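What follows is each chain in one-letter form.
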Amino acid sequence: MMRLLALSLLVFAVVPTAQADDMMLSVKPLLCITDSRNPVCEMSFLVVWESDERGYYCLFNDYAEAPVRCWNEERQGQLTDDRSVRESFSFWMTGTDAANRLAEVSVEVLRMDSDDRRRKRRTRHVWDIN
Amino acid sequence: MTRATTWLAMLAFLAQPCLAAEAPVEATNSNWRLGAALGYGIRSNPLVQSDDIPIVVDLDIAWFGERWFFDNGDLGLTFADNDTLTASVIARVNSDRVFFGKTETRYVNLDLAGGPLAETVEFKPPDRDYAIELGVETLAGGRWGALQLSAFHDVSGTHGGYELYANYSFGWRRQRLYIEPSLGLSYKSADLNDYYWGVTPDEAGLVAFDYEADAGINWHARFMVGYQLDKRWAVSLVTEYERLNDEAAASPIVESDSVLGWFAGLSYRFGR
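Residue numbers (our numbering), protein chains in the order written: chain A, 1 to 130; chain B, 1001 to 1272.
The shape of chain B in the complex, shown without the other chains:
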């Protein structure tokens, strides 16, 4: 975590003069995209002894300059933008860590494979650190839909692996009603997969056996429906299903091979 924090601080420091050199920063400036949604939703947690992640308030904070941009935690520098594609270098925080912040300590008398234990023991799924990843993202779009391709590598020394990601979405609008299905997949390298979903010999014990995860491919499907009430207010419903790769799903600390998320709420867009 110390490394990750250091990287975050470095990125923030490096970004500062660049942001200052870009267009004026004002809440009403079109460079900003500021929004908030209030509602209710849940993202399921595939880990054993874990709680689902509730979603009540969602903040959308983004700033897009000619080259630099900040999009809800992702910091980017665009180096190509033409009629065909937009390509950027992006620094981000890996999202797999989010599940490990919602685990619980319990006293158990069965191991994670369901076998009885000789005595009741205390068990908590192992913790994992955030990773700062640096990568390249390419966006293309047109009447045929939108395609997002990216490749990210850990630069914080947390997992040492990489991820390749692809997502295709197609938006359909009928005045106030907007529907957008999307589909995608992500290849997670053995190092990345093993860091988050493996169990090291040090972590293994009576409850969890040690496990080494190889590389694998996750796939996801997403469906969004939005209805614009007026210029600023909209009602939104989003649901997303992500199937974990077999290597992650087979881990003793994983009890579900998928992540299901949904959110329904009222959203407000500032500055429109």
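Extracted from the complex, chain A is given alone in its bound form:
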């Protein structure tokens, strides 16, 4: 029993080192809804990240090759990114190696109506929901 406890303590002691590169990235909101009247979402994205280890980190998105922002010797950060959105895209974090994505979050754009008018026809059922 004592051996098992000692082994468990050893494993837990090792975990922080193994998770040194672990990155938590959250983005809100994650869904943008468009239709023919509103083909573009004017969104303000709150991006929050946290790492287990201090270091050099950069936030990227699909809109530019250059990072949105970089942090030096930080283990957490946040920013607000205002932009017009038409298509699904991603935010991701990198460390010193810009090619290695530590965490990635996708923002989905959902087009709710269709150019095909038949998809909007009513079939006279009260339970006919959009």
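Calculated from the structure, these hints are not laboratory results. Being a predicted model, the structure only gives us computed values, none of them experimental. By construction, the Cβ of each residue, glycine as well, lies at the ideal position given by its N, Cα and C atoms. Where hints are given, some of them may not hold.
Stated by the list, open to error - Computed list of lysine-lysine pairs in PhoX-like fashion (alpha-carbon distance at most 25 Å, straight line):
#1 B:Lys1231 x A:Lys28
#2 B:Lys1102 x B:Lys1124
#3 A:Lys120 x B:Lys1231
Claimed, not checked - Far from chain B, by Cβ distances over 12 Å, these chain A residues were calculated:
#4 Asp22
#5 Ser26
#6 Cys32
#7 Cys41
#8 Glu53
#9 Gln76
#10 Arg86
#11 Trp92
To be verified - To give an idea of the interface, some chain A residues facing chain B are shown, with a C-beta separation under 10 Å as derived from the structure:
#12 Thr34
#13 Glu108
#14 Asp116
#15 Arg119
#16 Arg121
#17 Thr123
Keeping the supplied structure of chain A fixed, place chain B upon it in accordance with the hints.
For chain B alone, kept in the frame of chain A given last:
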């Protein structure tokens, strides 16, 4: 019912090669619209001695090809589609029949006008058949809303009548929230109205007197609120009020001049 079944079988047979000739059919293909809603709702039944129609699960099964489409039981062939309108020939099942499947047999000592009977008698509202109807539907839409106009005629020899239908809806969206009120009316010919809501001399008796319904106009209002939870899940609330035409409402087998329906539930859209 035999005629109606024959028509359904014929339509299914005729549609088969056309559907096969259209775009590939896959659950993930955008031609499909597949969804399911789970919740609770009721559609009131205007007939005497009848139960309301409960709604617990709603399936949305539709397929839209370039010309052919299937939309929850309606089979259509689109012959015009331009910037102004979309027009299709459609075969469908008449919806008035749905109320007649929820009637009950009871022993009564009053007639349907409220007069006392000399003895207790068994009574059940008369049954009606489904009708297969063929018609033309025109859809138009834009920033001003959506308009649906249609004209359908019975082709199954069930009621021999026709219906003219118009519906206007306007959708308003604020990101995840969607609100859509709509308003419409339908003209039902004398043959259609009389078949479903009339009482023939053969059906009349001590409880129900014979009644012949003339043509009339139903009108309806509908209100829908939807909230998109994520890409596939949404919460929806729908309510609809339909006022029966005076000729139908005056029938001895009708106890309410309107139909009220509502449904609240969680819906899921496949393949998004």
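Quick check on aspartate 116 (chain A) please, does its C-beta sit within 10 Å of some C-beta on chain B? holds (6 Å)
Determine whether the non-interface label on arginine 86 (chain A) survives the test: each CB of chain B must be over 12 Å from its CB. Correct as stated: the minimum Cβ-Cβ distance to chain B is 15 Å, above 12 Å.
According to the definition I'm using, a residue is off the interface if its beta carbon is farther than 12 Å from all beta carbons of the partner; does cysteine 32 (chain A) meet that for chain B? Given that some Cβ of chain B is not farther than 12 Å from that of cysteine 32 (chain A), nearest at about 8 Å, it is violated.
Cut-off 10 Å, beta-carbon criterion: hint that arginine 119 (chain A) touches chain B: It holds, given that the least Cβ distance between arginine 119 (chain A) and chain B is near 6 Å, below 10 Å.
For the hint on threonine 34 (chain A), does the least C-beta distance to chain B fall short of 10 Å? holds (9 Å)
If we take the beta carbon of aspartate 22 (chain A), is the closest beta carbon in chain B still more than 12 Å away? holds (25 Å)
Taking the shortest Cβ-to-Cβ distance between glutamine 76 (chain A) and chain B, state whether it exceeds 12 Å. holds (27 Å)
Against chain B, run the beta carbon of threonine 123 (chain A) and see if the smallest gap drops under 10 Å. holds (5 Å)
Min Cβ distance, glutamate 108 (chain A) to chain B: is it shorter than 10 Å? holds (5 Å)
Status of the arginine 121 (chain A) interface restraint (C-beta, 10 Å, chain B): holds (6 Å)
Hey, is cysteine 41 (chain A) genuinely clear of chain B, shortest beta carbon separation above 12 Å? violated (7 Å)
Verdict on serine 26 (chain A) as a residue remote from chain B, using beta-carbon distances over 12 Å: holds (15 Å)
The structure is inconsistent with the numbered hints 6, 7, although it conforms to all the rest.
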